[in-house]
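Colleague: Hey, can you work out the whole structure from these sequences and the hints?
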Amino acid sequence: EVQLVESGGGLVQPGGSLRLSCAASGFTFSTYWMHWVRQAPGKGLVWVSRIKSDGSNTDYAGSVKGRFTISRDNAKNTLFLQMNSLRVEDTAVYFCARARSIAPAVPDYWGQGTLVTVSS
Amino acid sequence: DIQMTQSPSSLSASVGDRVTITCRASQSISTYLNWYQQKPGKAPNLLIYAASSLQSGVSSRFSGSGSGTDFTLTISSLQPEDFATYYCLQSYSTPPLTFGGGTKVEIK
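Residue numbers (this note's numbering), protein chains in the order written: chain A, 1 to 120; chain B, 1 to 108.
Heads up, some of the hints might be wrong.
[To be verified] Derived DSS-like pairs (lysine-lysine); straight-line CA-CA distance at most 25 Å:
| no. | chain 1 | residue 1 | chain 2 | residue 2 |
| --- | --- | --- | --- | --- |
| 1 | B | K108 | B | K42 |
| 2 | A | K65 | A | K43 |
| 3 | A | K43 | B | K108 |
| 4 | A | K43 | B | K39 |
| 5 | B | K42 | A | K43 |
| 6 | A | K43 | B | K104 |
[As the list claims (entries may be wrong)] The following label-pair restraints were derived from C-beta to C-beta distances:
| no. | chain 1 | residue 1 | chain 2 | residue 2 | range |
| --- | --- | --- | --- | --- | --- |
| 7 | B | D17 | A | R19 | 43 to 49 Å |
| 8 | A | A75 | B | E106 | 43 to 49 Å |
| 9 | A | P41 | B | G57 | 25 to 31 Å |
| 10 | A | T28 | B | P40 | 28 to 34 Å |
| 11 | B | K39 | A | K52 | 28 to 34 Å |
| 12 | B | K39 | A | N57 | 29 to 35 Å |
[Unchecked claim] Stretch by stretch, here's where chain B covers chain A in the computed footprint (C-beta under 8 Å, at least three residues):
| no. | segment |
| --- | --- |
| 13 | 45-53 |
| 14 | 57-70 |
| 15 | 110-116 |
If you're looking for bench data, these hints aren't it; they were derived computationally from the structure. None of these values were measured; they are calculated from a predicted model. C-beta: ideal position from N, C-alpha, C; glycine also.
Modeller: So this is what it looks like as structure tokens:
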């Protein structure tokens, strides 16, 4: 069974940093693209970032480029999102998601999310 | 960036009704359109990929159609467990991936 479990969320002040983690199990993590998607309270889904299976290619939404860094540790089946220079508008539930094996742009399995609150 | 527009933003329907949700892309995306269901407090669940392919394990009362710029998600006979918000996602021109604004389905 595919499982994705996010952690690392919490309350942080504007300008601060957080590192999210996503522990994966039930599939061969090292062969799948992975994504981060966020959802502000009461709002819709917004794509944040993705990373290729071997970590050699990464992409970001314009709103987080230069502030967030996606990475992965295939030996530990873990995906990360380093978030720096956080803004109030980054407040959201952050989901990690696995991409379909033949469609790297389509998330299929999702974790339950971790809440990030940016507030003074 | 490709913009995705869903309509309606919300609807109310009765159990057994046929429900249709539409998604329009700001430019042609062939059939690179995917549909998700999200229940309150839960993660999204992939229903349909490539416009019309049913994800494994998803009820056959869900179906998708369309190509180019106009797409539809149809629930053939609405069930109480279908109360949720539905999102479309274009995967044609990435990055970025872009979602529609969502359609909230309420049960009468």
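Colleague: Output the indices of the hints that this structure fails to meet, ascending.
Modeller: none
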